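A.B. asks: Modelling step: build the complete structure from the supplied sequences, incorporating the hints.
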Amino acid sequence: MSIITCRDLCIGYDKKILIKDINLEIKEGDYISVVGPNGAGKSTLAKTLIKQIKTISGEITYNNEVLKTHIGYLSQQNVDSNDFPASVYEVIRSGCINQLGFRAFFKKNKIEHVNRIIDFLELNHLKKRCYRELSGGQKRLVLLARALCAANKILVLDEPVAGLDPIICANFYEIVKRANAHLGISILMVSHDLQNVVKYSKRVLHIDKKIKFYGTTEDYVKSKVYAKFNTEESNRD
Amino acid sequence: MIDDIMQVFSYGFMCRAFMVGIAISICSALLGVPLVLKRFSMMGDGLSHVAFGTLSIAMATHDSPLLISLPIVILCSFLLLNLSQKSKLHGDAAIALISTSSLSIGVLVLSVTTGMNTDVCNFLFGSILGMSNTDVYVSLVMCAVILIAYILMYQRIFATTFDEAFAKASGINVKMCSLFISLMMSIIIVLGMRMMGALLISNLIVIPALTSMRIFKTFFSAVLYAVVISVICFSLGMVTSYLIETPTGASIVIFNIVAFILHAIIGSTLKYVKTTC
Chain A
70 MSIITCRDLC IGYDKKILIK DINLEIKEGD YISVVGPNGA GKSTLAKTLI
120 KQIKTISGEI TYNNEVLKTH IGYLSQQNVD SNDFPASVYE VIRSGCINQL
170 GFRAFFKKNK IEHVNRIIDF LELNHLKKRC YRELSGGQKR LVLLARALCA
220 ANKILVLDEP VAGLDPIICA NFYEIVKRAN AHLGISILMV SHDLQNVVKY
270 SKRVLHIDKK IKFYGTTEDY VKSKVYAKFN TEESNRD
Chain S
71 MIDDIMQVFS YGFMCRAFMV GIAISICSAL LGVPLVLKRF SMMGDGLSHV
121 AFGTLSIAMA THDSPLLISL PIVILCSFLL LNLSQKSKLH GDAAIALIST
171 SSLSIGVLVL SVTTGMNTDV CNFLFGSILG MSNTDVYVSL VMCAVILIAY
221 ILMYQRIFAT TFDEAFAKAS GINVKMCSLF ISLMMSIIIV LGMRMMGALL
271 ISNLIVIPAL TSMRIFKTFF SAVLYAVVIS VICFSLGMVT SYLIETPTGA
321 SIVIFNIVAF ILHAIIGSTL KYVKTTC
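Residue numbers (this note's numbering), protein chains in the order written: chain A, 70 to 306; chain S, 71 to 347.
Take the hints with a grain of salt, since some may be wrong.
[Stated by the list, open to error] Below, in silico cross-link-like pairs of lysine-lysine (PhoX-like), each with a Cα-Cα straight-line distance of 25 Å or less:
| hint | chain 1 | residue 1 | chain 2 | residue 2 |
| --- | --- | --- | --- | --- |
| 1 | A | Lys89 | A | Lys293 |
| 2 | A | Lys196 | S | Lys341 |
| 3 | A | Lys179 | S | Lys238 |
| 4 | S | Lys341 | A | Lys179 |
| 5 | A | Lys197 | S | Lys108 |
| 6 | A | Lys123 | S | Lys238 |
| 7 | A | Lys196 | S | Lys287 |
| 8 | A | Lys96 | A | Lys297 |
| 9 | S | Lys344 | A | Lys120 |
| 10 | S | Lys341 | A | Lys120 |
| 11 | S | Lys287 | A | Lys197 |
| 12 | S | Lys245 | A | Lys84 |
| 13 | A | Lys177 | S | Lys238 |
| 14 | S | Lys238 | A | Lys176 |
| 15 | S | Lys245 | A | Lys196 |
| 16 | A | Lys84 | S | Lys238 |
| 17 | A | Lys197 | S | Lys344 |
| 18 | A | Lys278 | A | Lys89 |
| 19 | S | Lys238 | A | Lys85 |
[To be verified] Per label pair, the in silico range of CB-to-CB distance:
| hint | chain 1 | residue 1 | chain 2 | residue 2 | range |
| --- | --- | --- | --- | --- | --- |
| 20 | A | Lys123 | S | Asn152 | 19 to 25 Å |
| 21 | A | Ser150 | S | Asn243 | 18 to 24 Å |
| 22 | S | Leu249 | A | Lys123 | 20 to 26 Å |
| 23 | A | Lys196 | S | His132 | 54 to 60 Å |
| 24 | A | Lys96 | S | Lys341 | 24 to 30 Å |
Think of the hints as simulated: they come from the structure by calculation, not from any bench.
Since the model is a prediction, treat every value here as computed from it, not as a measurement.
Ideal Cβ positions, reconstructed from N, Cα and C, are used throughout, including at glycine.
C.D. replies: The structure is reproduced here in C-alpha cells:
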C-alpha cells in the first residue's frame, strides 16, 4: 500500500524550481534515505511533503489513512529554548496535538500512546526532567519521540543527526530502525551520512536538480551515481 | 493590625476592587507565561500606553472608558502582531512608535480638555476607587470568559509557544492562536488599567510569570504558580495601599518585584546546591 505518491512534482522556493519531475511512491514500511549535494533541495522536498512549502506544479496524493497532518516531522535543529519551563513529558505529549481535533484535552488512548512511545524509546528516566536541561543528544531523542507521537504512518526526518557525536548518532539510527521495524512506521530521512544511509535504509533517493537515482540500497551501492558521490564526499572530508 | 485588615472588607468599594483585582490577577498571570516565552512582554507595555491614550479620549468625550478603549487596543494589538511578523519595521521599533504616539495623543487630548488633574494621575498609576458597579460586572464576566477560553486552548497554546514550526506542521492555525493570545492580553490590559494604572498594568502580566519561571520547570506548574503568586502579591499590595494610602498599582508592583527577587535567589541557590552535590 502506498502512503504518499508524487506525480510530476516540481518543487522549490518562491517559484524558483529546485527539483523537477519527481515521481515517487512511498510504500508502507519503507525506509527511504534522501541524499545529494548541498543545496540540491533535499530539505525542500521534506518540507514540501509535510506541506510547509507549497508545490510549484504536479501533485502529491496522501493515502486516506495518512491525513496530511498525521506525518511525524523532525527538523535539523533542536528547539532551542534556554528559558522555557517544560518537562520532557509535556514536550513529547504535545506531539499528539494533531489528533486533538476540536477537543480541549487528549483522549485517554492518546495518553497511553504517548506512554508506549516513551517506553519504546526508553526515555522513562527523563520523563520528569526539564527539557532545557538536557544534552543535545537527549533533546534529539525527545523530539524524535514527539515526532513519533504525531506520526500515524510516516516519519519525515530532516538531517536528524547533524552535529551529534558518533555514539549518540549510531544509537539514534538504531532507534529509527526499530521504529520502522516494530511500529510499522515508514521513514523518509534526509541525510548527509552516506555510510549510515547504506547501512540502514532499504531504498535510496539521490537528487541533484532531478532524481538521479531511486531504487534499493543494494542497487545504489553498485551504481555510478553512488561511486561518484562517494568519492566527492570523501574528498571533501 | 488584623482589625485594620478586616476593616478593609467592610467597605463596598474595597470588596469590589478585591473581586475584580483577583480575577484580573489570575487571568494576567495565566497569559503572562506564554507571552513572556513568546517574547511579547514589550507588546503588553506598548498596548498599555495605547490604553492610556484611549482613556484620555474617553474622559474628554465622557464615554465609558471600556467601550472606547477595548476596540482600539485590540486593533492595535493585531497591528503590532502583524508588524512584528512580516514588515520591515521590527517588533520593538513598531512598539516604540505606537506607544509613544498614543501616549502623546493622550497627553494632548488631556491638556486641551480637562488638564492634568487627580483623575489623570489615577489613570496613570491606579486607584482602587475607580470601579463602578458596571465595571465590576463587565470585568468579572470577561475574566471568566478568558479563563474558560485559556483552559480550552491550553494544549494548543503550549504547542505553539514551544515550537511554532511543529505546531504549524501539526495543522494548528498558529496565526489564530497568536491573535487569540493578543486579544486576551488586550482585554486584560483594558480591564486592569483602572486599578493598576496604565503605566503599570504590563507589570501584572510579566512579573508573576518571570517569578514562577525562576523555580518551576514544567509548563503546567509554572502557569499554576504564577497565578498563585500573582494573587498573593495583588492582595498584599491592595491592603498596603489601603492602610498607608499609597497608589494601588505601585504597591502591587513593589510586592511583585520583591517576590521576583526572592524567587531568583531561591532559584539560583537550588541550582547551585544541585550542581555541587
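A.B. asks: Hint by hint, which ones does this structure get wrong, listed from lowest number up?
C.D. replies: Violated hints: 4, 8, 9, 10, 15 and 24; rest satisfied.
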